[in-house]
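The residues making up each chain are set out below.
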Amino acid sequence: MPVASESYFQQNGRALLNAIKVASRDVNVFYGDKHALKTVNLDVRANEVTALIGPSGCGKSTFLRCLNRMNDLIEGCRVTGSICLDNQDIYDKALDVVHLRARIGMVFQKPNPFPKSIFDNVAYGPRIHGLAQSGPELEEIVVHSLEKAGLYNEVKDRLGEAGTGLSGGQQQRLCIARAIAVSPEVILMDEPCSALDPIATAKVEELIDELRENYTIVIVTHSMQQAARVSQRTAFFHLGEVVEIGDTEQIFTNPQHKLTQGYITGRFG
Amino acid sequence: MSSGNTEKNMTEMVEQIRVSAVAEKVEARLKSRYAVEKRFRFFGMASIAVALGFLAILMVSIISKGATAFVQSEIALTVNFDASVIDPDGTRVKATLSAADYGALVRKAMFERFPDATDRAAKRELVSLASQGSDLVLRQAVLDNPSIIGTTQTLWIPASAPVDQLIKGHMTRDAANGGQFSDRQLSWIDQLRATHVLTTHFNTRLFTNGDSRQPELAGLGGAMVGSFYSLVITLLLSFPLGVATAIYLEEFAAKNRWTDVVEVNINNLAAVPSIVFGLLGLEMFLNVFGLPRSAPFVGGLALTLVSLPTIIIASRVALKAVPPWIREAALGLGASKLQMVTHHVLPLAMPGILTGTIIGMARAIGESAPLLMIGMVAFIVDIPATPMDPATALPVQIYLWAASPERAFVERTSAAIIVLLLFLAVMNATAIYLRKKFERRW
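Residue numbers (the working numbering), protein chains in the order written: chain Y, 1 to 269; chain L, 270 to 711.
Chain L on its own, in the form it takes in the complex (with noise of 0.2 Å):
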């Protein structure tokens, strides 16, 4: 009986030994357990912070160089628009008042407001102080209100570039160390400075202005409209293509090696450099199709090639989230497979469909290889009036301007950064938004 007790009590010690040493164990292997835990939570959050503070010296470089360009130097010129010079015979026909010699009006103006510049070197001085482009601000004055003709006004010209670094502070007033301007010249622009006859305004030209050789006048029109027009042609033919693409691959072709080989290429399309694209699209659409260089139209074109793969990977991705058991149903009703793709899974797809075309179209705004081998690279200074005509476009400008040597062009290519990020910004929110206003839930 005892021995018996004895037995029972050694095999209970026995085991409560062996549970105590696995408890062991497993407090042991605890400890690793969380500190690999703790060591993989510490490289997350490391790698966030790099990436957060790669992204905030970005924003901060491209802002603190680029904000001074959304505001530009003018110089307040009281100018006499003297008939005799403008429209001699007074006909007020358009095509006198365009071919007009302003610019006389601009010197004469200049000369008038400082009369201490007699002698040429002084007087060629004084008028480099405005723009090159000042007789266009007057032209278009007078071609709005022809009655000011043989009136006084006072307008606002723009400085040239250089009195606009100086007096944005990129450019030193010092000749010895750089400074472009001679003694007589900074004292007039002090002059001008003291009765607050040259300040900064909005710069307004930014935006409404095609590309231009002086930096002043040069503006982003152009490239928004180019971009523009561009991204429309994109999204007028990748959206039904690419949609329509994935539906039928997705729930009307035949399993079998051709559809798998058509996916492979798809998926391989997508990691295609898009420079390739433009090749293609150089060779088919300007070489085959002889469409015109440089025009909207064909890189918008060319940008549907770069954007189509990833429509149509996001399209399918949307539709094979819809659940077969929304398609079962449609189908169990007597629903024909058009009718349950259009009336079900469509509309299920769609927030998913969206998200991935504006990603896709967020790429193609991006994009500016395509459009160099298209030619949308060339210098052009009007807004194109229809995707036919030459144009630039965002990108591309940015490029250009980033290639120009004058130091004015550095901080209009930091605002043209700026803008191009503000438009993905935008296309980006857009697509957060109906995502969430489509999402539904089943």
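Okay, chain Y solo, but in the shape it has when bound (with noise of 0.2 Å):
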């Protein structure tokens, strides 16, 4: 029978593998006459947390930040090529990017709390899109975010205290309820655990972990042991280019590229 299963598989190897959420085509990007990003060719798929690792100033973030335009509000920054969410090019015109931004929510590397109640940082994204009427719906979905982020227990006696006075870790975990909070298909993450120390660092990636159940996830990471912990695939940049995406596992065990074994074994980055 195993060679029968083996079989099923090679046939029926595609079926397997998750759907393409995020699909870039020949993606460019220019700061003024700064080519950042050149020629990115990078699928991420559904219920997937796919890690982008390389050394700083490669485009990782950039990359990060044009799948939700992010990059609009940079003075001089232009994008080229393709990117789809579920088929549709989110630089459409057609696309407003609100609405895009309501469907791929962001988590920052410094912990970014809005200077209000933690009840009202999970709340501010479902009352701007009107998720929510009533009340105890709008405080459903805050509980509920909450209790997805890991955060609720230690926070449930005083949601009405200032997001800032959190910890590290808990506001960055604040964040994430606030991103959830809006049901976003992606969630991109820039160098979540930058800010944190390791226990809360452990704490977010056990989260990240549970999330990819129902979220497709893009991590940028400087932490090469993040990416191996957390993601099922890993894209490495490295001067403005991926140079190599595969499964994770391949990627640190059976790197296929020069570049990207000299960076994952320290020898540069």
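Incorrect hints may appear among the rest.
Stretches of chain Y that chain L covers, calculated by requiring three or more beta carbons in the stretch to come under 8 Å of a beta carbon on chain L [stated by the list, open to error]:
1) 61–74
2) 101–107
3) 110–119
4) 122–129
5) 176–182
Just so you know, these hints were derived from the structure itself, not from any lab.
A quick note: this is a predicted structure, and the numbers were derived from the prediction, not measured.
Where is the CB? At the ideal position from N, CA and C, for every residue including glycine.
Reconstruct the complex from the two isolated chains, following the hints.
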């Protein structure tokens, strides 16, 4: 029977892989004259964690910010090529950027809760998108989001207190709760643990693993251990190009490219 | 072996000498470095001391000159409200009551108080002790309560400005040294003083009356109301306009050469002499739009021009100080740009914006030049009822009184300055309070 199952896997291998959620084709990004991303082709699969690794300034954050068009905010930034979310070009003029950002949430490097109460932090997204009309409905979303972010038990007695009064790790989980409160399809994380201590980092990583069940996650990280721990697929960026992309296990155990090997073994970067 | 040792010792010694030489040099430099620091601190302290000294001199001079203006000498006069003088027909019609000859009642009461004034000259001298506006006090009393007609009442009427100045010690009794009083007058004054019917009271007229040619009747009421109207107009116009401009320039406008030009021009406008804004106001508001002269409404428009650049610049700085990650967080959740501004950036920038606004308002309340240009420098007795009525403003009133020749206006000028400074102090304290109250940490 093992033979049969192997042939089944070979024949239907594609079907076993998750559907492609975000597909980028020939993406180039320019900051003024600077060519920051060069012909990036990268697929993000649904319900997987895709890690973007690479040395500083290699364009991984730039790529991440293309996915929810945060680069629009940067003066002189130009994006060419196509990025499709469920086969819809997100740079299409017909697509509303506000709607896009409701579908693709983001968690930033530095925990950035609003200087408001914990409740209001999480409730802000649902409020502006009109996801909940009544009080109890909104409360349910907030509680559910905080539960999903693994923060509810720690803050349930002080939802009215300032979100900025939490510890760094709690703040970051609050930001994750805030992001998932609008039920996005994809969550982008830009070095979410770089400002956290190891214990808080472990909690956030655990959370990322749980979130994978319901969300598609793209994470930029400087920690290769983190990429290895939380992601299923890894893309290695170098000088604005994707050098190698593959299953995380393969990238870390059997890198195909010399640069990847050099980076993951710590010879540069 | 031994030569090797010696060599080693030698290099060690050389090294030691080098190290100690470096230490010596550093030490020598250290002394002069500390000396420089000490000198700098000394100069800092000295300049602060000089500044405080000047401030103290200013305050002492203004307060010592102006304090006496807050009291006013008044004479208790027993007046017979003779119905045949006030209202001969007994109709009690307001027009009749207003037009009655109350001066005659005052004069009669004075002659009854001092029967020794018999000839015309003595009578004139006696009457001149009371303010020429004493009849107004009587008229007001009758209008407030017409039932006193026909009765005899004791009223405090203002003493004339020279009497007031004499009692306050600003004028000498000695006629040879510039005193204005005859011996007869001095004896009457002394008699009144001795029976405690000529004393100083808190000067409510200073705050309720409009301007007057009689110093003892001149008040800041009209100027304060005029300043208030102007300031309300200025605030209503410049706060929303200034904040909206700042938000647009800071958050929405494309960063290109045009925005740069606008920015440079706004910064330059903040440094434009205010009289230029006054000229602009004169040309635009009075000549082109045909708005009334001397009106606080137009004053408010002119002061809006003065305070707008300050408010815009302060608001832009406050908006810039809001950390960018607040914006990213809001936009990342799918907030529109305007939602990002109104929900997050503006509340965080509010303390700075309010501070800037109040500083702009403080500048506006102290401005006189633009108001001179649009005619708010006229002699206006009536307190304006609406912003379209003619009025003056506090700084202009100070200017007008300072130019008046009467001795009694000297103390009133200082008193007006004190009132203006109090307004400014209250406004600045409000600014500090608001900043502390709304300041949020993140």
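Hint check against the structure, violated hint numbers in rising order: Failing hints: none at all.
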